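Undergrad: Protein chains in written order, with the working numbering: chain A, 1 to 654; chain B, 1 to 654.
Just so you know, not all the hints are guaranteed correct.
Put simply, identical chains are the same to the list, so a pair is met inside one copy or across any two.
[Stated by the list, open to error] For lysine-lysine, the following DSSO-like pairs were computed, each having C-alpha atoms within a straight-line distance of at most 27 Å: (1) Lys572 to Lys477; (2) Lys572 to Lys133; (3) Lys316 to Lys158; (4) Lys335 to Lys645; (5) Lys512 to Lys645; (6) Lys572 to Lys191; (7) Lys95 to Lys158; (8) Lys12 to Lys133; (9) Lys316 to Lys626; (10) Lys354 to Lys158; (11) Lys477 to Lys158; (12) Lys133 to Lys308; (13) Lys648 to Lys626; (14) Lys368 to Lys316; (15) Lys626 to Lys645; (16) Lys626 to Lys133; (17) Lys354 to Lys512; (18) Lys512 to Lys133; (19) Lys354 to Lys133.
In case anyone wonders, no lab produced these hints; they're calculated from the structure. Source: prediction; values computed, not measured.
There are 2 protein chains.
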Amino acid sequence: MHSLMPLPAEMKTTDEEMVIDSDFHVGLSGYVEPRLERAVTRLSERLAQITGISMHRDQSAAKEDATLLIHVDEKVAEVQSSTEDESYILAINAKGSVLSSRTLYGALRGIETFVQLVRLSDYGFVVPAVRIKDRPRFPWRGLLIDVTRHWIPPAVIKRNLEAMASVKLNVLHWHLTDDQGFRIESYRYPKLHELGSDGLFYTQDDVREIVEFASDRGIRVLPEFDMPGHTSSWFVGYPDLASAPGPYLIERNWGGHEATMDPTKEETYEFISNFLSEMVTLFPDLYVHVGGDEVSGKQWQGNPAILKFMVSEGIKDTRHLQAYFNLRLHGILNKLGREMVGWDPILHADLPEKSIIQSVRGQQWLAKAAREGFQGIAGSEYYLDLLRPAEFHYRSDPYGAEAAELTTEQQALIVGGEASMWTEFATAENIDSRIWPRAVVVAERLWSSHDITDVEDMYRRLAEVSQRLEWTGVTHKSGPRKMLHRLTDYDSIEALSTLSEILQPAFDMRWKNHDYTSMTPLNRLVDATVPESETARRFSRMVEQFIADPSAMSLHDALVTQLRTWQRNHMKLERDIQQSSLLTEVGPLSEALSQVAGIGLQSLAALTAGRAIPRAERETQATLLKQATDSIAELVIPIVPDIHKLTKAVLAGS
Amino acid sequence: MHSLMPLPAEMKTTDEEMVIDSDFHVGLSGYVEPRLERAVTRLSERLAQITGISMHRDQSAAKEDATLLIHVDEKVAEVQSSTEDESYILAINAKGSVLSSRTLYGALRGIETFVQLVRLSDYGFVVPAVRIKDRPRFPWRGLLIDVTRHWIPPAVIKRNLEAMASVKLNVLHWHLTDDQGFRIESYRYPKLHELGSDGLFYTQDDVREIVEFASDRGIRVLPEFDMPGHTSSWFVGYPDLASAPGPYLIERNWGGHEATMDPTKEETYEFISNFLSEMVTLFPDLYVHVGGDEVSGKQWQGNPAILKFMVSEGIKDTRHLQAYFNLRLHGILNKLGREMVGWDPILHADLPEKSIIQSVRGQQWLAKAAREGFQGIAGSEYYLDLLRPAEFHYRSDPYGAEAAELTTEQQALIVGGEASMWTEFATAENIDSRIWPRAVVVAERLWSSHDITDVEDMYRRLAEVSQRLEWTGVTHKSGPRKMLHRLTDYDSIEALSTLSEILQPAFDMRWKNHDYTSMTPLNRLVDATVPESETARRFSRMVEQFIADPSAMSLHDALVTQLRTWQRNHMKLERDIQQSSLLTEVGPLSEALSQVAGIGLQSLAALTAGRAIPRAERETQATLLKQATDSIAELVIPIVPDIHKLTKAVLAGS
């Protein structure tokens with residue numbers, strides 16, 4: 001059973017297999033460029049990682065000797081566009097394999113499919129014989145990484161690019177500036193990064209390296225310079241840009257802020273023009289993301305000169321003033337040979353036609369944009385930082401919700417989507433565990449056919465892809481383990497892992513807590529706990545099955561074993577809880593898990609014996625379960641509803 | 001209870017503690033150089049990793065505000081020597097801390113001590129109030145990394161340097177050339193790396209970066225160019241250097257080879273001189289390691305011209321011919337301002353006096369060198385690649401064995417030691433797990449007083465230091481987990497971990513198997529299993545204690561739980577074993593563990609009940625235990641002797 005993700009458009013398999021050993025050799029034909037050669041080197045390195053077999057260093061083979069022949073028809077344009085042909089055909093039989101594509105991009109995608117096909121059989125590493133004809137559903141498949149709320153170093157960006165490539169994502173949307181940080185070096189206006197970043201910014205060399213690293217993997221880099229709001233960090237060094245007098249400081253708090261550029265001064269546009277002229281030398285992509293969200297308008301309304309300008313120019317409200325700003329911005333970008341992308345609040349009748357709208361306030365804005373003739377990118381349904389289950393994102397289609405009512409032509413304006421990782425509550429240490437594996441599900445939604453919707457099969461494949469993703473360098477599995485070690489002061493993490501694995505962060509609680517700032521340490525159990533508990537999901541399925549068929553004894557035994565482990569875990573963890581100030585808060589949670597598991601065991605015993613549970617006891621159980629639904633330490637026990645189901649299945653006693 | 005490693009020379013503690021939070025600030029006084037400033041940045045990053053609390057980016061504080069004041073008395077010479085003053089005094093009280101040292105090197109060592117002191121208490125992160133006066137016992141504390149048998153990329157070298165610094169090791173002995181690979185770029189003789197490395201070599205930029213990275217951490221880099229033997233890889237491109245006609249190929253097999261430079265031709269010395277002239281521009285250290293081990297002499301004896309030269313020069317045998325070669329080599333090095341280090345076979349009356357001898361054939365050679373007035377480095381007792389227990393290395397003292405009989409003056413010639421990691425059976429993937437944590441024990445032996453010998457306390461501290469070491473970037477814990485995932489084809493590794501954790505590689509078996517070459521995949525369970533099983537060590541202690549006091553019920557219960565886990569594990573693992581060709585070989589081992597655990601349980605039950613075990617059953621047990629001592633798949637079950645002890649403790653039945 002393969003674990004391809006995203007699933008290809010067409011795939012036929014036979015029973016044959018091709019062996020992967022150290023004789024693996026790639027042959028190249030057709031149009032060969034250095035990026036393809038480097039991809040072949042990476043392929044051989046990745047195969048070496050997956051198999052533990054060193055591949056021959058020199059992968060170039062005579063075509064007739066190649067285990068994998070890669071053929072690319074034609075040259076691509078120097079700069080990757082949003083409409084490249086990424087299709088490929090991969091044919092594997094017992095004797096060899098051929099990957100053919102029109103362009104480099106198809107070959108890059110096909111190589112990743114080949115890598116995912118490798119599996120360990122009872123006689124060695126193999127790829128199954130297949131014939132895959134594949135192409136993406138959407139040409140724009142992105143991941144936004146916010147590097148402003150918390151600093152995300154270059155190495156973390158690179159490993160995420162490697163992981164993106166492995167699941168065929170093709171746009172890094174790099175959210176570089178915001179109230180909380182200006183993260184890119186400007187030679188023209190050095191106070192931007194010097195005063196706006198706490199010294200944590202990408203040098204231009206870093207940027208060039210990352211753009212090239214991405215380009216090698218067929219990934220476009222879309223820089224975002226959020227304007228005219230979200231600009232506090234610009235104003236620390238250049239307060240004259242603002243609509244209200246300074247001084248300004250880097251914002252340490254989350255949520256919207258009032259700092260807004262003054263759209264009425266020519267100096268503002270001169271600054272932006274100079275700044276973007278510098279930036280486009282770093283970012284070759286046709287598009288620049290200009291943000292445009294959450295412009296409060298408050299600074300504009302409080303500034304008499306701006307109000308006067310609005311009157312004299314016949315601009316009736318701040319929304320129109322922002323449209324005016326965007327028109328000017330678009331003019332600047334156009335002179336630089338660029339088009340703009342913005343968040344849906346920039347949608348306005350005056351918006352230049354080639355602009356692209358990214359939904360932030362919901363799918364309805366994507367639909368509205370399409371109806372008004374603008375291209376769109378689905379954003380709002382794929383916010384990874386909200387820590388929703390993979391299933392939620394899997395069920396969200398760019399043509400879903402309000403977009404479902406669009407005509408075919410209107411739908412065609414929706415060019416794809418982006419998973420977004422905002423970093424109010426993520427650091428370099430745990431960001432991978434917030435992005436992965438759930439971004440894979442978004443990747444599949446954007447690449448594969450809309451009718452690929454089997455959630456169970458998705459989770460099965462996701463579990464395997466997730467394990468293998470660590471070979472790309474992302475630390476979504478190993479990172480949290482290190483954090484658990486910290487929590488026990490480098491003692492054993494066995495009991496703490498057992499607890500963490502059955503918990504989930506209560507993200508809403510966290511977002512509602514306004515005490516958080518960028519200086520608040522994110523070193524608690526909630527930060528080391530992954531968004532979605534695979535253990536809980538499996539337990540939930542087992543409970544469902546057991547309730548459907550309580551005579552299934554192996555299921556019963558598995559449930560008992562699992563519940564006993566949870567019941568006893570608190571005892572094991574107690575000493576660590578007492579000794580670690582970071583664990584104090586989870587004591588009640590650990591205890592609650594133990595109690596909840598105990599109720600599960602009681603219910604199972606009663607069910608098996610066909611015995612009723614006395615009313616008083618049922619009431620105690622109900623109270624405990626009700627309490628256990630509350631979050632503690634910003635964490636919840638997701639199996640409480642399953643235990644509740646078990647208690648419901650037991651006969652009511654009097 | 002602290003877990004400092006290596007233990008400091010003098011240490012006093014009180015009950016006070018100093019809090020570590022985001023207000024932590026370093027102040028610098030005295031002689032401040034850029035390396036110290038960078039060390040302070042790293043300190044703040046490391047503290048952020050350990051605590052999960054971001055430290056203020058700008059760590060320079062007014063002296064009076066500093067939480068940690070670092071004072072360095074004086075400037076050091078540009079190039080680090082083998083006799084630097086590394087002493088420091090670290091004084092911490094509840095209000096602040098002061099680290100003072102004569103030189104940068106003392107400060108670097110003291111910073112690592114400070115970092116190791118950080119612990120999580122029941123009210124936050126703290127360092128205990130201490131007064132530490134510390135200095136190393138030996139000035140030369142090295143780690144040899146062989147990068148020839150398997151290629152070890154720059155990133156792996158760097159993370160190992162970081163780990164070395166954290167335990168105060170100060171020499172990277174970089175084994176760069178050997179029969180199996182020439183791993184450094186030469187502009188003068190490009191065929192050395194082009195033809196001698198399969199394309200896997202360090203560019204000169206890589207080398208410069210690594211030397212600087214090491215220098216920043218107070219680590220000297222000692223390059224080794226092994227001559228005149230171990231030189232097959234040189235001869236692939238330059239066969240005229242050899243004592244027998246070519247062509248030569250890169251050696252793929254392990255063990256000694258015959259390829260030897262021709263010491264009678266002036267062209268050989270001209271080549272070496274040109275080559276070393278180029279290399280000393282990369283390596284500023286006073287010393288160059290010239291190897292000199294395992295010179296077979298066979299090529300020399302088979303070459304009439306060489307034999308003729310020996311007669312005409314009055315050189316009576318090949319040993320003296322090597323001495324002649326070394327004298328010439330020393331002349332070349334001296335012209336370049338360098339001295340030589342070599343393996344103990346270079347020891348010879350003609351050896352120049354400033355040369356340093358590193359033991360390879362045993363401690364007696366170190367003693368002999370000292371008696372003959374040469375400086376020495378203890379090598380042979382610290383071969384990490386032989387996968388001996390930490391305890392073995394801990395008990396090996398540079399002044400031990402034959403060196404114990406030296407006079408004080410002679411002992412003073414022994415300047416330190418080096419842990420060695422040869423890579424016949426290690427790759428970039430698992431080398432960290434072969435080096436760490438055992439190299440820490442060598443570090444302590446070389447830094448701390450000779451009378452620090454409490455093995456139990458060593459293991460206690462080692463366990464914690466080992467966990468924290470992963471923050472330096474080494475993957476000795478997380479790497480093997482990834483390898484286990486591969487073995488199950490990315491399925492759960494729970495059962496496989498349980499098995500792996502109680503096994504140990506049978507290194508002797510592996511070394512005796514001559515089928516291994518550099519192309520043999522190292523992707524089996526033995527490669528993912530760490531050298532020393534902490535689980536086995538703890539189990540062994542528990543058995544000892546239980547036999548001493550069989551009435552200790554909590555001990556009894558813990559033993560039963562552990563044994564039951566092992567007994568049942570085979571059942572859990574069976575499906576993976578059937579499906580994975582890489583696990584087939586461990587099936588019998590997994591089954592043997594289950595049986596051994598079963599015998600343990602029978603013995604415990606009999607002991608508790610005061611019951612005898614019938615003779616026939618005892619015989620069956622004895623047979624099974626005997627079989628279980630044999631290695632399977634190059635792995636052994638180290639607890640078999642413990643189970644044997646348990647059976648012995650049971651009453652004999654008839």
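Undergrad: Using 27 Å as the alpha-carbon threshold, which applies to Lys626 and Lys645: within, between, both, or neither?
TA: Close inside one copy (13 Å), not across copies (52 Å); limit 27 Å.
Undergrad: Checking Lys316 and Lys626: alpha-carbon separation at most 27 Å within a copy, between copies, both or neither?
TA: Answer is neither; intra-copy 53 Å and inter-copy 93 Å both fail.
Undergrad: What label fits Lys572 with Lys133 when the C-alpha limit is 27 Å: within, between, both, or neither?
TA: neither (53 Å within a copy, 39 Å between copies)
Undergrad: Have a look at Lys512 and Lys645 and pick one of within, between, both or neither, based on CA distance no larger than 27 Å.
TA: neither (30 Å within a copy, 60 Å between copies)
Undergrad: Using 27 Å as the alpha-carbon threshold, which applies to Lys572 and Lys191: within, between, both, or neither?
TA: neither (53 Å within a copy, 61 Å between copies)
Undergrad: Cα distance capped at 27 Å. Does Lys572 pair with Lys477 within a copy, between copies, both, or neither?
TA: Both: 23 Å inside a chain and 23 Å across chains, each within 27 Å.
Undergrad: At most 27 Å between C-alpha atoms: does Lys12 with Lys133 qualify within a copy, between copies, both, or neither?
TA: within (9 Å within a copy, 71 Å between copies)
Undergrad: When no copy is named, should Lys133 and Lys308 be tagged within, between, both, or neither for a Cα gap of at most 27 Å?
TA: Classified as neither: same-chain Cα gap 61 Å, cross-chain 71 Å, threshold 27 Å.
Undergrad: Checking an output row: Lys316 and Lys158, CA cutoff 27 Å. Within, between, both or neither?
TA: neither (45 Å within a copy, 61 Å between copies)
Undergrad: With 27 Å as the alpha-carbon cut-off, assign the pair Lys648 and Lys626 to within, between, both or neither.
TA: Only inside one copy: Lys648 and Lys626 sit 14 Å apart there, 54 Å across copies, limit 27 Å.
Undergrad: At most 27 Å between alpha carbons: which applies to Lys95 and Lys158, within, between, both or neither?
TA: neither (35 Å within a copy, 41 Å between copies)
Undergrad: Given identical chains, is Lys354 near Lys133, meaning Cα to Cα at most 27 Å, within a copy, between copies, both, or neither?
TA: neither (32 Å within a copy, 70 Å between copies)
Of the numbered hints given earlier, the model fails hints 2, 3, 4, 5, 6, 7, 9, 10, 12, 16, 17, 18, 19; all others are met.
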